[in-house]
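Number of protein chains: 2
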Amino acid sequence: MSCYPPFFLYVLVHFVLIFLSSFSFTFLRTKSPYTHKSDLSLSPPLSTPFVTINTNLHVHCSKQFHSVREREREREREKLRFVVMASGGGSVEEVSNKQVILKDYVSGFPKESDMYLNASGTIKLKVPEGSNAILVKNLYLSCDPYMRPRMKQPIPGNETYIEPFKPGSPIVGNGVAKVLDSGHPDFKKGDLIWGMTGWEEYSLITATQTLYKIHHTDVPLSYYTGLLGMPGMTAYAGFYEICSPKKGERVFISAASGAVGQLVGQFAKLLGCYVIGSAGSKEKASLLIMRVDLLKNKFGFNEAFNYKEEPDLHAALKRYFPEGIDIYFENVGGKMLDAVLLNMRAHGRIAVCGMISQYNLEHPEGVHNLMTVVWKRVRIEGFMVSEYHHLFPKFLEFVLPYIKEGKITYVEDVAEGLESAPAALIGLFTGRNVGKQVVVVARE
Amino acid sequence: MSCYPPFFLYVLVHFVLIFLSSFSFTFLRTKSPYTHKSDLSLSPPLSTPFVTINTNLHVHCSKQFHSVREREREREREKLRFVVMASGGGSVEEVSNKQVILKDYVSGFPKESDMYLNASGTIKLKVPEGSNAILVKNLYLSCDPYMRPRMKQPIPGNETYIEPFKPGSPIVGNGVAKVLDSGHPDFKKGDLIWGMTGWEEYSLITATQTLYKIHHTDVPLSYYTGLLGMPGMTAYAGFYEICSPKKGERVFISAASGAVGQLVGQFAKLLGCYVIGSAGSKEKASLLIMRVDLLKNKFGFNEAFNYKEEPDLHAALKRYFPEGIDIYFENVGGKMLDAVLLNMRAHGRIAVCGMISQYNLEHPEGVHNLMTVVWKRVRIEGFMVSEYHHLFPKFLEFVLPYIKEGKITYVEDVAEGLESAPAALIGLFTGRNVGKQVVVVARE
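The listed protein sequences derive, respectively, from chains A and B.
Each residue of the first sequence is one higher than the one before, counting from 1170 in the working numbering.
Each residue of the second sequence is one higher than the one before, counting from 1170 in the working numbering.
Since the hints were made in silico from the structure, they are not lab data.
Keep in mind that this is a model prediction, so the values were computed, not measured.
Be careful, since some hints might not be right.
[To be verified] Taking CB as the label site, the calculated pair distances span:
#	chain 1	residue 1	chain 2	residue 2	range
1	A	G1417	B	P1570	42 to 48 angstroms
2	B	D1462	A	A1376	48 to 54 angstroms
3	B	Y1285	A	H1516	37 to 43 angstroms
4	A	E1588	B	H1516	36 to 42 angstroms
5	B	G1441	A	A1376	34 to 40 angstroms
6	A	L1439	B	P1570	22 to 28 angstroms
[As the list claims (entries may be wrong)] No farther apart than 27 angstroms at their CA atoms in a straight line, the calculated lysine-lysine pairs in the DSSO-like style are these:
#	chain 1	residue 1	chain 2	residue 2
7	B	K1321	A	K1504
8	A	K1487	B	K1321
9	A	K1321	B	K1321
10	B	K1382	A	K1504
We put the beta carbon where it would ideally sit given N, CA and C, even for glycine.
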């Protein structure tokens, strides 16, 4: 089958999918976002694991997106004309602005009901006079594990945690947006940006220093919530700057089908490492099978395993890494870290990106095998991508050719509409997503 | 009072002390090993904490040892003549060789009775024909925390732990010894060495690659079990190679009155860091007071505290380091590490030297606050001094001038006689020692 089907097929499938997705049906894009597998089903057999999830899974390995992007731009221009006309062309009217609001600080496992959709809000599509903020229309929002700790009540006097969300205000996170109005000299109307924005239709962004202009638009814009955004940079900086990787080394990645894990594994493979990933899910067995299959057959990992099927993680790692682990990319924490520590090789490195298994616990689990860092002379190093943004141009230079040559496979799990955002975020912690969890607020 | 009293005073006090030490009395050397405080007492008031310990505490800050060393050499030569005569001058007779034997693998808290003195052994004071081993007379033995894990039964297939001791065989550890016979071209009779030897009067050492010849003898030979041996190198490599220290940084050291801790703190002070140490003891309150006093008043730490008096270690560290900790030199593990993690500054470094609080536990305590390594971008790095021995010449070049200028204070806790070795080793884990725990097998 060709990677590039006729355009009418794309349009046809596009509308079918919009219809299906409103019923939480499933579809899959393979090879290209514009090539859709036809075996859509509610209850497929387990032997076709790619079609069993209840959100939209996109497997991208594409080279060309330009013409579709052009069409999207045209439609955006039309819509903007309408907005300006609606506001009378001169004085600015307020428009409706749906928002996802955090009700209160969250303890324990988060629930969808910890957030609510406020549909009654409005916003003026104009930056206030004299402000150097920008006014954006949000297109794609990113669901990331680090957002869970931001829901916790801050501990007075303890600056250990990153800035918490404000109850009663919209959730804040990375996203892709289009500039509708700008009081900042670096941004102008029509610019596409990615960075910190609100979980709402339109945002007035004052912290413009957290934003990056999107210059490369011949890739899907949603990539800037993942592969080309914060998770991509996290994988790049974490692997190359923290792990000090060498060709041939043995790399283990937990949460390997997630936004960051899938990329670290592929970067490691591109360098010539031996890569094994683990994945799991609290939700459905079929998701597990799909994840492990993805890791091995789409991302090209040497091996992958479902940690839920391993009663003894230490033994499992011993089996998969009989000679030990040189590099562990830590996304999980807790028992997995404990098992990994026992299997590290001399001078092993552990880059700590996050510990998703711990975020919903009031009291984090204890890690018992830290003495291994002495016996094996292991380095454990935490990092935050915010300190590596100076590497962003270098990262793009590194990754864009691989994307365009189809050497990096990227999986997105797409939730449609702002109203689906709370469920999408919670899904990260139940393990419902496969790949980067994106919320589409608007495509244009 | 002069630092250098007349020689007759030294001789007089020397014999008094030999008498006193046989009753487990206490003495203290200050400023110079040849200057003795006169306030010896079995039950001194707490206001004179330096004289309350039940082993021999030596505080050294001396510049000159030469004449005494010369006398020791002369006595050694006399004794060797006697040995040769006893063996008939030609054919080699066996001599008695007392040994400290490990009974069996140890679980839980070690006891003196886990070891026993075998007084019935003999040894020929001659290297077997054709062997490239060396035959040494052991002078000083080193008690070090890492020896406890070596008493554990090895876990089959798990190479996490360093090589265990052999039940039924003598304990093995660092020591200072004199070569009596050599089959190795690098060593000759009369050489002084330090390195891995047996807990016995004489040892046949085949692993000569672990040995270092002692070239600088104008310092007490016992220093090569500590300040100038493995603990000194541990402090040097751990601090300079792992901690990446910078002038003005805030350094915290646990087990700070121990062999390694006391040196790390002083190295940090010499670099211009702000240094706080913690100490504690399960044994006697008076030891705690002495330790804290030592840290502040002898080692020149900025502050010191008794962790036993702190119900909330996190709060204590917050009080002592309101701006957080840049460098933590980890000797303790467990709850202390957990509390430190919460108090690390951004980009802090934790050099993990050991975790003495965990060595006697069947199941190590859990460390819960590891997520801090992400929020604070902390590096935790374990190391073993055995990988830094190439730095030994550089280390001597660094440390010898400080010793000779009296800029480093060094505290030894000296146990007399091989038979006292088991108690001395156990004392490390009850916190009985103050400073480097040494066992004197023979002084010449």
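A quick look at each hint next to the structure:
no.: 1; hint: A/G1417 <-> B/P1570: 42 to 48 angstroms; in the structure: 44 angstroms, holds
no.: 2; hint: B/D1462 <-> A/A1376: 48 to 54 angstroms; in the structure: 51 angstroms, holds
no.: 3; hint: B/Y1285 <-> A/H1516: 37 to 43 angstroms; in the structure: 39 angstroms, holds
no.: 4; hint: A/E1588 <-> B/H1516: 36 to 42 angstroms; in the structure: 41 angstroms, holds
no.: 5; hint: B/G1441 <-> A/A1376: 34 to 40 angstroms; in the structure: 38 angstroms, holds
no.: 6; hint: A/L1439 <-> B/P1570: 22 to 28 angstroms; in the structure: 51 angstroms, violated
no.: 7; hint: B/K1321 <-> A/K1504; in the structure: 24 angstroms, holds
no.: 8; hint: A/K1487 <-> B/K1321; in the structure: 22 angstroms, holds
no.: 9; hint: A/K1321 <-> B/K1321; in the structure: 42 angstroms, violated
no.: 10; hint: B/K1382 <-> A/K1504; in the structure: 46 angstroms, violated
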